[in-house]
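Using the sequences provided together with the hints, build the complete structure.
Read top to bottom, the protein sequences are chains A and B. Numbering-wise, the first sequence is residues 4 to 506 according to the numbering used here. Numbering-wise, the second sequence is residues 33 to 529 according to the numbering used here.
Relax, there's no trap hidden among the hints.
Here are some, though not all, of the chain B residues that point toward chain A, as calculated from beta-carbon distances under 8 Å:
(1) 83
(2) 87
(3) 89
(4) 90
(5) 94
(6) 124
(7) 126
(8) 128
(9) 132
(10) 134
(11) 314
(12) 316
(13) 319
(14) 320
(15) 321
(16) 322
Everything labelled a hint here was simulated from the structure, so no lab data went into it. As the structure is a computational prediction, the values presented were derived from the model and not from experiment. Glycine residues also receive a C-beta, built at the ideal position from the N, C-alpha and C atoms.
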Amino acid sequence: MEWRDANRMTALTDLTLAAMRDGLRARSFSAAELAQAHIAAVEAARPLNAFIVETPDHALKAAAAADAALARGEAGPLAGVPLGIKDLFATEGVQTTAGSKILEGFVPPYESTVTAKLFAAGAGMLGKLNMDQFAMGSSNETSAFGEVVSPWRARQPDGALSNRVLVPGGSSGGSSAAVAARLCAGATGTDTGGSIRQPAAFTGIAGIKPTYGRCSRWGVVAFASSLDQAGPMTRDVRDCAILLQAMSGFDPKDATSLDAPVPDWEAALTGDLRGVRVGVPREYRLDGIDPEIAAMWDAGLAWVKDAGATVVDVSLPHTKYALPAYYIVAPAEASSNLARYDGVRYGLRVNEGGSLDAMYEATRAAGFGPEVKRRIMIGTYVLSAGFYDAYYRQAQKVRTLIARDFARAWESCDVLLTPTAPSAAFSPGDKADPLAMYLNDVFTVPSSLAGLPAMSVPAALTATGLPLGLQVIGRPLDEAGVLNAGFALERAAGFAARPERWW
Amino acid sequence: MSDAPFTIRGTTGDWEIVVGLEVHAQVTAKSKLFSGAATAFGAAPNTQVSLVDAAMPGMLPVLNGECVRQAVRTGLALDAEIHRISRFDRKNYFYADLPQGYQISQLYHPIVGEGHLDIEPEGEAPKRVGIERLHLEQDAGKSVHDAHPAMTFVDLNRSGCALMEIVSKPDIRSPAQAGAYVRALRSLLRYVGSCDGNMEEGSMRADVNVSVRRPGAAFGTRTETKNVNSVRFVMAAVEAEARRQVDVLEAGGTIVQETRLFDPDRMTTRPMRSKAAAHDYRYFPDPDLLPVELSETFVADCAASLPELPVAKRSRYVEALGLTPYDAAVLTAERETADWFEALLADLVRRTGKPATELAKPASNWVTGELFAVLKRTGGGIEASPVSPEGAAELLALVADRTLSGSLAKQVFEAMVETGDSAAAIVDARGLRQVSDTGAIDAAIAGILAANTDKIAEYRGGKDKLFGFFVGQTMRAMAGKADPAVVNDRLKTALAG
Chain A
4 MEWRDANRMT ALTDLTLAAM RDGLRARSFS AAELAQAHIA AVEAARPLNA
54 FIVETPDHAL KAAAAADAAL ARGEAGPLAG VPLGIKDLFA TEGVQTTAGS
104 KILEGFVPPY ESTVTAKLFA AGAGMLGKLN MDQFAMGSSN ETSAFGEVVS
154 PWRARQPDGA LSNRVLVPGG SSGGSSAAVA ARLCAGATGT DTGGSIRQPA
204 AFTGIAGIKP TYGRCSRWGV VAFASSLDQA GPMTRDVRDC AILLQAMSGF
254 DPKDATSLDA PVPDWEAALT GDLRGVRVGV PREYRLDGID PEIAAMWDAG
304 LAWVKDAGAT VVDVSLPHTK YALPAYYIVA PAEASSNLAR YDGVRYGLRV
354 NEGGSLDAMY EATRAAGFGP EVKRRIMIGT YVLSAGFYDA YYRQAQKVRT
404 LIARDFARAW ESCDVLLTPT APSAAFSPGD KADPLAMYLN DVFTVPSSLA
454 GLPAMSVPAA LTATGLPLGL QVIGRPLDEA GVLNAGFALE RAAGFAARPE
504 RWW
Chain B
33 MSDAPFTIRG TTGDWEIVVG LEVHAQVTAK SKLFSGAATA FGAAPNTQVS
83 LVDAAMPGML PVLNGECVRQ AVRTGLALDA EIHRISRFDR KNYFYADLPQ
133 GYQISQLYHP IVGEGHLDIE PEGEAPKRVG IERLHLEQDA GKSVHDAHPA
183 MTFVDLNRSG CALMEIVSKP DIRSPAQAGA YVRALRSLLR YVGSCDGNME
233 EGSMRADVNV SVRRPGAAFG TRTETKNVNS VRFVMAAVEA EARRQVDVLE
283 AGGTIVQETR LFDPDRMTTR PMRSKAAAHD YRYFPDPDLL PVELSETFVA
333 DCAASLPELP VAKRSRYVEA LGLTPYDAAV LTAERETADW FEALLADLVR
383 RTGKPATELA KPASNWVTGE LFAVLKRTGG GIEASPVSPE GAAELLALVA
433 DRTLSGSLAK QVFEAMVETG DSAAAIVDAR GLRQVSDTGA IDAAIAGILA
483 ANTDKIAEYR GGKDKLFGFF VGQTMRAMAG KADPAVVNDR LKTALAG
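Spelled out as structure tokens, the structure:
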């Protein structure tokens, strides 16, 4: 390959979705070229283990269709854009595992609503992205297909890259790693308690979890039904708006889907925050907060003021109960949602002992990883007779109180600004204690419990050169406000860092 | 002494029985409770299964509004409280024919609350049985254990079909009441159109809760006999289980609260294979489904869509049409019969211009007599009747205008059943018209009297019974077509000499 070609390919993988869209329409490059450049990047990045399955044919076919549509002048909004798809989304004819052995080899005969919408808009699929098993995890260490390696490496004092492997966050860690490493400009993620926002923060990209019900859950392997929401992960806020718009919309096949119009979110991006009241929840100022996180937060508050916003102090008094409530509600729902993986109809079956119960036990013992088993056990326990009232019912009450906290906050502010995660990315094995891992969700879980739109925007680097993210939380259905605040922060932060290629 | 309608005389004294029934009725709907799959009975295994019914990953339930409508209509027919907000819960357990690993049901907030059903048990006074609740739930699939020596096959056609579970209060005190309750409920469901009531196909089955007690004492421990699928078996299960409990108690034992099965071959109950531990179903609200909120308009529309129900219809037949309570009960037992009868009566009124009050009794007699006899012979229900209500009205109109006598009408009806021709056509073709012409009848009578002078003497000597002989002879001479009233009248005159 000549150097110019190589440069051109690199340049194509550096493009944002918006730039791809504009370049394709201007015929600066073809969708086929765009697909090939990304397919090559995906192949070259296998050490990251971001993909469980690569689907170059899918991307090329979509590119060919896009080129033809572009020639006719009738291309869809995402025509020719190659995307990564989290392996939680059922993709017709392409293995869908949710990162678990129990679904290894499972090829759905149906397409999830979200991916169907993306493909109908002209996007292609580069492959299925690795993830924490059944979306349970914050580091991608629970995947049955090997952990995803972050493209980021810390810088040593001498300026050299450390060899220490870092996690890409989770559960959408394949998504965050692939977008940050320029394997795709956009990927789907899902967020139950922070699974879009925390990995976005860990890898220096943007990601938004919309209002619960914005994106259909039909065809998304369920973790915790009342919390699961799909959303986009991209390198900037504009791309989040573009991709979210294509993913959203009412779906009669999902009873919890919102029958609300999908606004033009991209058009709402002005960066002008005049008249916007930005709330700072005092309960998020944790004792012993990482000074680098605190500094980023302060910088973020300065930036929004510069953009015209006023900053107000607010209280979310039940914040400290959010994490315990979440780790009751989510496992409870999961323990029931995962009952269908029983070896009877699809996926793994381990026949041992000759009885139905023995088959169940052997199949589920072999098919589920330890974290999934832990949560099934927690969930089973909290729903059991005699414990239901003490745990599940109490947690639901807490959930109501947390939603009320936010509703009260909206009386005095329009969006909330907080850090996304309490730390930068850590290394695999650093949080071997599950409770330490769960604490990573401390800032993201409350808004999940309340079903609110929330996004993470890359805001700063640590002293060792690792990205940190700011979280913007908004009112129900106010993705426009969230995205615009994110847009203002992004512009002010001027975050331009990218992982140096070592793979 | 007990004033209960049914007691079991044990060796230590009398026992009363206390029964509550949980009836599972499959909702008549084209598709399942939470999926678009079809629900026809008898389809090839696993051909009526959607991705949702098979619990494929990522599939979600969406509530079928028609099932909600039918549940509300049924609740209204049971004079029950309709809950404006209800909710679905998950009942978690593992079984091969339960693909989700949970059944979606309504434990905490059922769609229908308390109501009642009026029953008329055979040989007992009418009674009102309380309804505790009615809720919607999914059916499970079917496990087939006997198709292979080592394997169980699973048919998911039924998986996800909508069931109404209708729970009675423990108000039932005899096997006859239990039977009458199931019959009345089945009839009501068929009137409402919310369930076809087909017990052979499993569209309706009952779980029978039975306990026994000393007269007036507190309720005893109950057992639940599952999936009893006919009225006769429900009655038999109640009696067999009650007698078993009495035997256990009188032998110094205690009743264990357990689930049992009815054995129709031996007419006894036996414990279900006990699963190692008692199930903890871990009910919790299904997070895939929103609460069901019913508007007043929706409930009002459901009420407006209800037909006249059996109890109201029966009293109208007695009060407005002058039928006997017995005939009214027979005609209203099945909606199809009542509809048929009403169509016949309406057409008869139209044809004759006579009031329904005058025509109802002969029409009722004809339906419950002539028609039912033919149906019994041909072995079909009224929906398979060989004559239409309009065809029958034509026949009965000919009786009403005295074109046909009762016995001629019988002949014509037989011919209608045989040929499918209309009554008028048969009357014309076969000349079966009744003769009321006194000249012809007098001539026939004169001939009969001339040939039987000895019998005339005997009759005049006081042997009144011979009048029948003269009637018969005259009718025979008239080939059965003479108007019997005219024959009677003319004969009396002639014999009086």
